[in-house]
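Sequences are here, hints too, so could you generate the full structure?
Number of protein chains: 2
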Amino acid sequence: MQSIKVKSPATLSNLCCGFDILGMALQAPYDEIELIKKEEPGIVITHTDNYGLPLDPLQNISGVALQALMKAADYKNGFEIIIEKKIKPGSGVGSSAASAAGVVVAANELLGKPFDKKQLVEFAMEGELLASGSRHADNLAPCIYGGLVLIRDTQTLDIIELKTPPLFITIIHPQIEIKTSYARSILPKEIPLKSAVVQWANVAGLIAGFQNCDYGLISRSLTDVIVEPVRSKLIPGFDEVKKRSLAAGAMGGGISGSGPSLFMMSESHSTAIQVEKEMSTVYDQLGIEYKTYVTEVASKGVEVIK
Amino acid sequence: MQSIKVKSPATLSNLCCGFDILGMALQAPYDEIELIKKEEPGIVITHTDNYGLPLDPLQNISGVALQALMKAADYKNGFEIIIEKKIKPGSGVGSSAASAAGVVVAANELLGKPFDKKQLVEFAMEGELLASGSRHADNLAPCIYGGLVLIRDTQTLDIIELKTPPLFITIIHPQIEIKTSYARSILPKEIPLKSAVVQWANVAGLIAGFQNCDYGLISRSLTDVIVEPVRSKLIPGFDEVKKRSLAAGAMGGGISGSGPSLFMMSESHSTAIQVEKEMSTVYDQLGIEYKTYVTEVASKGVEVIK
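Line order of the protein sequences matches chains A and B. So for the first sequence, the working numbering puts the first residue at 15; every next one is plus one. So for the second sequence, the working numbering puts the first residue at 15; every next one is plus one.
What the hints contain is simulated information worked out from the structure, not anything from laboratory work.
You can't tell identical chains apart in this list, so a pair holds if it fits in one copy or across any two.
With a cut-off of at most 27 Å between alpha-carbon atoms, the simulated BS3-like pairs for lysine-lysine come out as follows:
1) K19 <-> K52
2) K90 <-> K52
3) K208 <-> K193
4) K208 <-> K132
5) K85 <-> K52
6) K208 <-> K247
7) K247 <-> K203
8) K100 <-> K305
Right, dumping it as structure tokens:
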């Protein structure tokens with residue numbers, strides 16, 4: 015096989031109380047990444063989108079991730095990468111993770127699958143490190159594994175695949191910029207033990223709710239007393255979006271990753287559509303451009319499409 | 015029915031990372047509580063054990079819990095309570111919770127079950143408040159519901175019953191005294207966000223492990239980076255007990271409640287017995303008196319025995 019094309023999904027990380035430990039793959043949006051073997055060494059990157067991302071393999075997330083894999087595989091020839099990003103960079107739904115994950119899964123297929131999923135996450139983390147400056151797998155792991163994923167330990171990459179009941183997810187991406195590094199820098203270094211207990215009680219409830227398909231418990235547990243109170247101030251319309259979405263029947267939601275995208279989970283497609291309308295109304299009134307998605311959990315991660 | 019006798023089980027609370035939110039009912043030890051209706055108003059308490067607990071209903075945990083139930087039931091007659099405590103007070107395995115829970119379950123039976131389990135926990139919490147000075151249900155809820163229980167929210171008493179795979183639990187109770195109030199007072203008011211994330215990652219792993227009968231995941235998640243480092247200093251032999259127990263094959267464990275009892279979970283009975291030997295050796299060498307139990311999860315909470 016000389017070439018392959020994959021789709022690499024957007025991902026929700028954090029899921030309210032699960033800051034830095036939970037992530038979920040989404041059916042939409044997704045990037046399309048084509049990888050072509052070439053005889054000459056080196057990586058050539060082409061972007062068919064208009065985001066103006068760097069084409070130097072040392073500065074490009076896909077390039078860095080692919081180099082990590084090539085080194086481990088002792089692969090001496092080269093690759094051409096053609097990326098069509100449909101997940102807007104900086105939107106908070108794992109755009110950089112999709113670039114890194116997509117290319118390593120594609121390369122693994124082309125080279126006869128020498129690596130397992132955990133190793134692929136390791137390679138992709140090299141790319142994420144370039145993007146965010148820190149080792150995180152809460153977008154990468156669901157992007158590669160699919161579904162809902164717990165990263166119990168980032169050092170040893172203890173990745174746990176969890177069940178979810180059918181869920182509809184509404185996402186709104188207000189066209190404002192929040193740097194991940196800034197969103198991280200404003201978090202408190204210390205938090206009250208009492209708040210931490212509330213948070214891990216909700217994490218426990220959320221995991222139990224997902225495992226047991228208990229929508230009510232998921233809804234009650236989709237709460238974040240630590241990060242949301244700080245980061246939501248960066249997102250105009252946050253409180254109004256949340257209030258209206260819950261009133262429309264959403265189970266709960268909050269900030270996707272470090273924002274600015276917001277997400278809400280619903281039991282039914284019709285509720286998710288109504289939530290989309292409510293979210294849109296808020297940003298129409300604020301006069302802020304936005305893009306919305308109504309999607310579902312993607313049970314598979316990066317998938318070969320050609 | 016004029017009288018009833020129940021057994022009220024010991025309980026493990028916290029379970030390492032699950033500080034203040036998780037509890038588990040044990041098959042042994044348990045208290046025996048007999049409740050007898052009497053025509054005359056008021057509560058008369060008799061203890062057939064030698065712990066010298068207060069007999070004044072206003073000062074006795076069972077008395078206070080029973081009064082809360084009698085008030086809610088608008089029950090004008092009286093009760094005689096005969097308690098044989100087999101769970102030593104102050105041992106850290108829910109002795110006060112067993113007193114409070116046993117008597118309210120017994121009274122509910124005698125009065126024709128006017129209350130549900132959640133209401134019984136509410137009444138019993140009045141007794142616990144007397145014992146510990148704070149509203150906690152992490153021993154009471156498993157004592158009444160049985161099995162492994164999550165208290166997602168203490169204010170609304172959102173109690174979630176969780177599954178567990180078969181488990182063997184070794185407990186050692188070194189005969190030293192640690193006041194719950196003191197064990198609580200030495201905890202930090204503020205904790206690093208980074209440590210909190212580690213803790214809730216382990217809580218998530220622990221819940222997923224229990225729900226999916228994944229012993230390896232339970233083992234890796236039985237970690238406490240917040241409370242154990244502080245409280246374990248109050249318990250001589252702690253590090254040695256833990257080291258030897260893990261070497262003997264235990265899945266993990268730590269301080270039971272606020273101590274001084276220590277617990278270790280094992281997959282097999284033979285490992286649990288070996289762990290008991292290792293624990294005993296440590297306290298033999300330290301010259302501290304102790305009592306040990308090898309037991310299992312009690313799927314039922316307080317049970318009628320007569």
